[in-house]
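Peer 1: So the protein sequences, as listed, match chains C and S. Read in order, the letters of the first sequence are residues 2 to 231 in the numbering used here. Read in order, the letters of the second sequence are residues 2 to 231 in the numbering used here.
Everything labelled a hint here was simulated from the structure, so no lab data went into it. C-beta: ideal position from N, C-alpha, C; glycine also. Any given hint might turn out to be false.
[To be verified] Label-pair restraints from in silico Cβ distances:
id: 1; chain 1: S; residue 1: GLN204; chain 2: C; residue 2: LEU217; range: 46 to 54 Å
id: 2; chain 1: C; residue 1: ALA205; chain 2: S; residue 2: LEU212; range: 42 to 50 Å
id: 3; chain 1: S; residue 1: PRO103; chain 2: C; residue 2: LEU217; range: 34 to 42 Å
id: 4; chain 1: S; residue 1: ARG51; chain 2: C; residue 2: ALA33; range: 27 to 35 Å
id: 5; chain 1: S; residue 1: PRO208; chain 2: C; residue 2: LEU217; range: 27 to 35 Å
id: 6; chain 1: S; residue 1: LEU23; chain 2: C; residue 2: LEU198; range: 35 to 43 Å
id: 7; chain 1: C; residue 1: GLU78; chain 2: S; residue 2: GLN204; range: 35 to 43 Å
id: 8; chain 1: S; residue 1: THR75; chain 2: C; residue 2: THR19; range: 30 to 38 Å
id: 9; chain 1: C; residue 1: VAL230; chain 2: S; residue 2: THR165; range: 47 to 55 Å
id: 10; chain 1: C; residue 1: THR19; chain 2: S; residue 2: ARG111; range: 50 to 58 Å
id: 11; chain 1: C; residue 1: THR40; chain 2: S; residue 2: GLU39; range: 41 to 49 Å
id: 12; chain 1: C; residue 1: GLY210; chain 2: S; residue 2: SER221; range: 53 to 61 Å
[Claimed, not checked] Counterexamples of contact, computed for chain C against chain S with all Cβ distances above 12 Å:
id: 13; residue: ILE3
id: 14; residue: THR19
id: 15; residue: PRO81
id: 16; residue: THR96
id: 17; residue: ARG117
id: 18; residue: LEU185
id: 19; residue: TRP200
[As the list claims (entries may be wrong)] A few chain S residues that face chain C, going by a derived Cβ cut-off under 7 Å, partial list only:
id: 20; residue: LEU55
id: 21; residue: LEU127
id: 22; residue: GLU130
Number of protein chains: 2
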Amino acid sequence: MITTVGLDADDTLWHNETLFRLTQQRFFDLLADVAEPETLAQRLAEVEKRNLRLYGYGVKGFTLSMIETAMELTGGEAPPRVVREILASGREMLTEPVEPLPGVDQALARLSERYRLVLITKGDLLHQEQKLAASGLGDLFAAVEIVSEKDASTYARVFARHGTGPAEAVMCGNSVRSDVLPALEAGAWAAYVPYPLVWTHEQADVPEGHLRFAQLASLSELPAWLDEVG
Amino acid sequence: MITTVGLDADDTLWHNETLFRLTQQRFFDLLADVAEPETLAQRLAEVEKRNLRLYGYGVKGFTLSMIETAMELTGGEAPPRVVREILASGREMLTEPVEPLPGVDQALARLSERYRLVLITKGDLLHQEQKLAASGLGDLFAAVEIVSEKDASTYARVFARHGTGPAEAVMCGNSVRSDVLPALEAGAWAAYVPYPLVWTHEQADVPEGHLRFAQLASLSELPAWLDEVG
């Protein structure tokens with residue numbers, strides 16, 4: 002019996018990677034004289050990955066990584082205009098309006114009648130809280146957990162604290178690496194709802210033939226799947 | 002009867018503001034040609050305050066605010082070297098070793114025998130978790146809450162979740178504004194342990210004649226005060 006539904010936020014409830022890609026495009030344009038977009042993308046991904054253990058997830062760390070990448074690619078001489086534009090990009094990402102993905106409102110409203118909903122997300126603490134507030138979805142959640150890493154112990158802890166343990170919980174999100182695999186490892190169920198874009202750091206293979214796993218076309222399919230298995 | 006002890010982290014368990022001040026000094030040196038230290042300090046404080054609602058608390062936001070201040074004070078033309086040095090300062094703050102303040106280990110060990118200890122702190126999620134791990138104090142805490150703001154509702158929620166409610170809890174920290182006043186407002190007890198330096202944003206007057214409040218010279222005095230009142 003499923004009692005608790007964990008939900009990822011970025012690219013599961015609302016757009017996120019699209020915004021990162023738009024900002025990256027702006028970054029490529031800014032440095033068009035310095036290198037090709039492919040080179041810029043690769044270097045930025047390297048710097049981001051290297052900085053993850055220092056900055057964690059979120060827009061502030063991404064902004065700092067863009068400045069660092071610009072410095073590296075210009076031999077430490079990134080023009081002030083480039084730095085100003087990157088700062089402005091970061092600020093704009095933090096104030097971008099939040100719009101739930103189609104069908105998310107209705108799916109959550111229906112789920113919240115039968116299950117305890119818990120938001121489980123990485124990213125900057127304040128920014129994730131602000132996005133949830135701006136989305137208008139906050140009241141549907143019984144609890145919100147903003148975490149620095151999503152591994153099996155995270156899910157075991159969160160579903161014990163806010164539910165009846167991982168065996169009676171399902172995690173739903175767009176990242177196989179962060180939402181699906183560690184939730185299954187913790188003994189929970191998992192639903193994968195792909196988003197058209199995936200950050201390179203989050204890419205992983207979909208598990209095959211797992212009894213507690215389903216791939217869904219949208220969050221709207223989650224209630225029916227839970228009726229089936231629960 | 003007190004069952005739960007909430008503890009602030011930065012400047013209560015380990016040094017923090019000292020490190021911010023050292024970094025600020027380095028920032029003043031970097032921009033010595035541009036403005037006097039007093040002017041730089043004032044402008045940086047303004048930018049930090051303006052950015053709080055966007056960046057929240059912590060080193061990443063502080064780093065971005067230093068770059069923004071440098072840009073503002075140079076008419077948008079901060080030299081690349083200045084930006085690189087600011088980035089490096091931020092990175093160094095994030096990797097600085099963490100050393101508990103004198104007497105903190107023993108005081109927490111003693112408190113943990115009788116009370117449930119809860120760490121309640123603002124700042125960057127990942128960085129605060131890393132500092133707690135590096136301090137070696139993590140095992141003494143029953144729970145850790147990294148929050149975006151410390152107001153009365155925060156304390157009511159945290160002490161309900163991890164204890165037996167605010168009336169049976171005490172909050173201990175170095176900020177009258179963030180640790181003492183909102184905890185008292187929530188109905189909890191509060192102990193103020195001053196640190197020699199206070200960030201301008203955190204300054205506030207010490208409450209007078211409050212029955213559930215004490216000012217202590219160090220955390221070592223907390224067990225005796227709790228014996229007295231509890």
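Peer 1: Now, for every hint given, state plainly whether the structure supports it.
Peer 2: Status of the hints after comparison with the structure:
no., hint, verdict
1, S:GLN204 <-> C:LEU217: 46 to 54 Å, "52 Å, holds"
2, C:ALA205 <-> S:LEU212: 42 to 50 Å, "56 Å, violated"
3, S:PRO103 <-> C:LEU217: 34 to 42 Å, "55 Å, violated"
4, S:ARG51 <-> C:ALA33: 27 to 35 Å, "32 Å, holds"
5, S:PRO208 <-> C:LEU217: 27 to 35 Å, "54 Å, violated"
6, S:LEU23 <-> C:LEU198: 35 to 43 Å, "41 Å, holds"
7, C:GLU78 <-> S:GLN204: 35 to 43 Å, "40 Å, holds"
8, S:THR75 <-> C:THR19: 30 to 38 Å, "34 Å, holds"
9, C:VAL230 <-> S:THR165: 47 to 55 Å, "38 Å, violated"
10, C:THR19 <-> S:ARG111: 50 to 58 Å, "53 Å, holds"
11, C:THR40 <-> S:GLU39: 41 to 49 Å, "44 Å, holds"
12, C:GLY210 <-> S:SER221: 53 to 61 Å, "59 Å, holds"
13, ILE3, "23 Å, holds"
14, THR19, "21 Å, holds"
15, PRO81, "5 Å, violated"
16, THR96, "7 Å, violated"
17, ARG117, "15 Å, holds"
18, LEU185, "24 Å, holds"
19, TRP200, "17 Å, holds"
20, LEU55, "5 Å, holds"
21, LEU127, "3 Å, holds"
22, GLU130, "5 Å, holds"
In the structure shown, a violation is registered for the earlier hints numbered 2, 3, 5, 9, 15 and 16, in ascending order.
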